[in-house]
Amino acid sequence: MSTILSFTILGLFTGAAYAIAASGLVLTYTTTRVFNIAHGAFGMVMAFTFWDFSQRQGMPTWLALILVLGVVAPGIGWFVQRFVTRGLGEGPVSVSLVVTVGLFVGLIGVAQYIWPPAPRTLPPFLPDKGVQIGSTYVTAHQIITIVLSAVVAALLYLLLNRTRIGTAMRASVDNPVLLQLFGGKPDRVASLSWAIGISLAALAGILLTPVIGLSYFDLTLLVINAYAAAMLGRLKSLPLTFVGAMGLGVLQSFAVAYLPSQGNLAGLRAVVPALFLFVVIILMPQAQLRIGQVKGIVSAPLPSFPRSIGWGIALIALVAFLTVAMSDANLLLVGTAATYAMVMLSLVLLTGFGGHVSLAQFTFAGVGALAYAKLDEPNLYGLFLSALIAAIVGALVALPVLRLTGLYLALSTLAFGVLMDKMVFQADFAFGYNGTLKADRLSVLGRSFDSLGGYVLVMATFFVLMALFLLLLRRGPLGRVLIAMRDSPAACGTLGLDMRWFRVALFGLSAGMAGLAGGLFAGLRGTIGAADFQLFNSLPLLLLAVVCGVTSVTGAALGGVGLMLLPVLQSSRPELAGLVFAVLGFGAVALGRDPNGLANQLFTVGRLLDRRFGDRVRAVVPVLPLPRGRADDGAENAVPLNEITIREDVSAGLPEDSTTDSTADSTKDEEVGAHVAARG
Numbered sequence: 004m005s006t007i008l009s010f011t012i013l014g015l016f017t018g019a020a021y022a023i024a025a026s027g028l029v030l031t032y033t034t035t036r037v038f039n040i041a042h043g044a045f046g047m048v049m050a051f052t053f054w055d056f057s058q059r060q061g062m063p064t065w066l067a068l069i070l071v072l073g074v075v076a077p078g079i080g081w082f083v084q085r086f087v088t089r090g091l092g093e094g095p096v097s098v099s100l101v102v103t104v105g106l107f108v109g110l111i112g113v114a115q116y117i118w119p120p121a122p123r124t125l126p127p128f129l130p131d132k133g134v135q136i137g138s139t140y141v142t143a144h145q146i147i148t149i150v151l152s153a154v155v156a157a158l159l160y161l162l163l164n165r166t167r168i169g170t171a172m173r174a175s176v177d178n179p180v181l182l183q184l185f186g187g188k189p190d191r192v193a194s195l196s197w198a199i200g201i202s203l204a205a206l207a208g209i210l211l212t213p214v215i216g217l218s219y220f221d222l223t224l225l226v227i228n229a230y231a232a233a234m235l236g237r238l239k240s241l242p243l244t245f246v247g248a249m250g251l252g253v254l255q256s257f258a259v260a261y262l263p264s265q266g267n268l269a270g271l272r273a274v275v276p277a278l279f280l281f282v283v284i285i286l287m288p289q290a291q292l293r294i295g296q297v298k299g300i301v302s303a304p305l306p307s308f309p310r311s312i313g314w315g316i317a318l319i320a321l322v323a324f325l326t327v328a329m330s331d332a333n334l335l336l337v338g339t340a341a342t343y344a345m346v347m348l349s350l351v352l353l354t355g356f357g358g359h360v361s362l363a364q365f366t367f368a369g370v371g372a373l374a375y376a377k378l379d380e381p382n383l384y385g386l387f388l389s390a391l392i393a394a395i396v397g398a399l400v401a402l403p404v405l406r407l408t409g410l411y412l413a414l415s416t417l418a419f420g421v422l423m424d425k426m427v428f429q430a431d432f433a434f435g436y437n438g439t440l441k442a443d444r445l446s447v448l449g450r451s452f453d454s455l456g457g458y459v460l461v462m463a464t465f466f467v468l469m470a471l472f473l474l475l476l477r478r479g480p481l482g483r484v485l486i487a488m489r490d491s492p493a494a495c496g497t498l499g500l501d502m503r504w505f506r507v508a509l510f511g512l513s514a515g516m517a518g519l520a521g522g523l524f525a526g527l528r529g530t531i532g533a534a535d536f537q538l539f540n541s542l543p544l545l546l547l548a549v550v551c552g553v554t555s556v557t558g559a560a561l562g563g564v565g566l567m568l569l570p571v572l573q574s575s576r577p578e579l580a581g582l583v584f585a586v587l588g589f590g591a592v593a594l595g596r597d598p599n600g601l602a603n604q605l606f607t608v609g610r611l612l613d614r615r616f617g618d619r620v621r622a623v624v625p626v627l628p629l630p631r632g633r634a635d636d637g638a639e640n641a642v643p644l645n646e647i648t649i650r651e652d653v654s655a656g657l658p659e660d661s662t663t664d665s666t667a668d669s670t671k672d673e674e675v676g677a678h679v680a681a682r683g
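So in my numbering, the last one in the sequence shown is 683, and the numbering has no gaps at all.
Because the hints were derived from the structure by calculation, they are not lab data. Incorrect hints may have been included.
Claimed, not checked - Derived CB-CB ranges, DEER-like:
#1 123 <-> 263: 49 to 57 Å
#2 221 <-> 399: 25 to 33 Å
#3 471 <-> 399: 36 to 44 Å
#4 448 <-> 571: 32 to 40 Å
#5 471 <-> 170: 51 to 59 Å
#6 220 <-> 286: 24 to 32 Å
#7 332 <-> 215: 36 to 44 Å
#8 218 <-> 313: 43 to 51 Å
#9 130 <-> 254: 45 to 53 Å
Stated by the list, open to error - Simulated crosslink set (DSS-like; lysine-lysine; CA at most 25 Å straight-line):
#10 132 <-> 188
#11 441 <-> 377
#12 188 <-> 239
#13 441 <-> 425
Glycine is no exception: its CB is placed at the ideal position from the N, C-alpha and C atoms.
The whole structure should be built from the sequences, with the hints applied where relevant.
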């Protein structure tokens, strides 16, 4: 009986901390429609700041607490809302997810740069005080945490239901434009919500730090538990959020007490919050279609098929030259870049074309690598079977949330990644705890590639083939349906298009592409383990895909090279490791609203150079073709690539050289978007 009481009190303590964090998450989401993936990262940075004030600088605890909760955290929340997340709630969910994931990675980098790794401890509040309840000793810190959660709940209730600003917050959820017409200030309301939300994240981080320690990743990823509690409240009900947080805390505490600590079920104790999140997402009600304006994004130029083949051959020739000129160590880096680029191609399909976000894409690559190693068939049959297994797993992840879209799909992949990290990859039937598996290199049509250079050339060939497949898909009817579904789900729904099964197929195909890359990566490395496919690796992958251009094959190639260079730079300059992550994260924040990224800037420079020097070069080499967008009669009749609108696409019968998806936003444009979907 005493054991049950002890673990119940421990569960209430952790649940109270989850409730405080989740209430801040719900508050920011309900007022701005931005789901802050970086909520835990803000709490982690504020916990480090509190340690710095109270321990390193010697401030009194009460003063450090006031400064962090009353000055630093609200100031950061106001700044983030005004200059980073402002207006994100009105755009696609994928954009807000990418921006907040950028904040997630950037804040971890900032913490590592300001506070380099070192042993740090933060004492609990009133460490010498406590209460004896039966045979269980309850510390003052635990009591303070539970009491503070009740105080936060009461204050939020009074704020939202008994004050004018609270009424404005609730009105901002339904119709911020109408609130502005009645004299309200939606931006001020949103800034206040973010200020309070970040302060609550800071309070939760400070309360949890004495228990789990000052850790960059533990404090940040612990907010997944807050996601689960917030989802139980459907991201709008604070009472349900508090109930879910308390229930989750007790459930997790009992799981630690009574579930086995050894065997294949040992990892179950660590994934209780992820399972809770996944179950809650499955039980969510049907997602409603978003109606209103048809707003698309200007896509990167789509090259003609002959030109695509030409660039593919040039890339293979470049890699062939590198295989002769480089050492094996550098060739291993080139093969790793090819792996990352292929996984990013799967994101081009899923995010760039389909508008959905996966927060665990590298986990699907791990599924393919695991299948390839376990099948022990180092040939095309084994490789494609591994890709098929990964595709089936990807479809199974999307299948339970068939009715839902956007945010819920992304969070389901997050929960899936946690489950695979803690429960599957480290199990005895998979890689094992800190274990590895051996994988032989691929043989093609009976020919084995024992040399590293030859195998890297094979990987480059697979990248080119996957890229050509994506470009063909984008030009065809399925590609037009993808774009129409991304830009106007409401228009597609009114035409009777079943987007649900199409979405499952899209997730499956994307996971299969990532799984194929994972199988090739297993052959490249020779030995692979669970550490190669951790959930956190998927976040820099997504960010670099966005920074370099998630709508183009060129962006995937650039992103693969960039992600390969990250650990190289970190190993050569360890003191800059945190700064590199900060630059990557905040770079994704800056470019998150432009999915064409750096690749589109290269295309723009290329067009400018062609206008200036292209005619001279073609006078010397007359076989060079004119770039798309330039007429045969000279540059004066050139058509700027990014000025072709969806109306022109429809009136011309959707020509192959169309380069944008949608730019209009009226009733006429809804009809146009529906027409595009119908033609798909």
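Evaluated hints:
no. : hint                    : in the structure
1   : 123 <-> 263: 49 to 57 Å : 33 Å, violated
2   : 221 <-> 399: 25 to 33 Å : 29 Å, holds
3   : 471 <-> 399: 36 to 44 Å : 28 Å, violated
4   : 448 <-> 571: 32 to 40 Å : 34 Å, holds
5   : 471 <-> 170: 51 to 59 Å : 57 Å, holds
6   : 220 <-> 286: 24 to 32 Å : 29 Å, holds
7   : 332 <-> 215: 36 to 44 Å : 38 Å, holds
8   : 218 <-> 313: 43 to 51 Å : 50 Å, holds
9   : 130 <-> 254: 45 to 53 Å : 28 Å, violated
10  : 132 <-> 188             : 46 Å, violated
11  : 441 <-> 377             : 9 Å, holds
12  : 188 <-> 239             : 21 Å, holds
13  : 441 <-> 425             : 21 Å, holds
In this structure, the hints that do not hold are numbers 1, 3, 9 and 10, in rising order.
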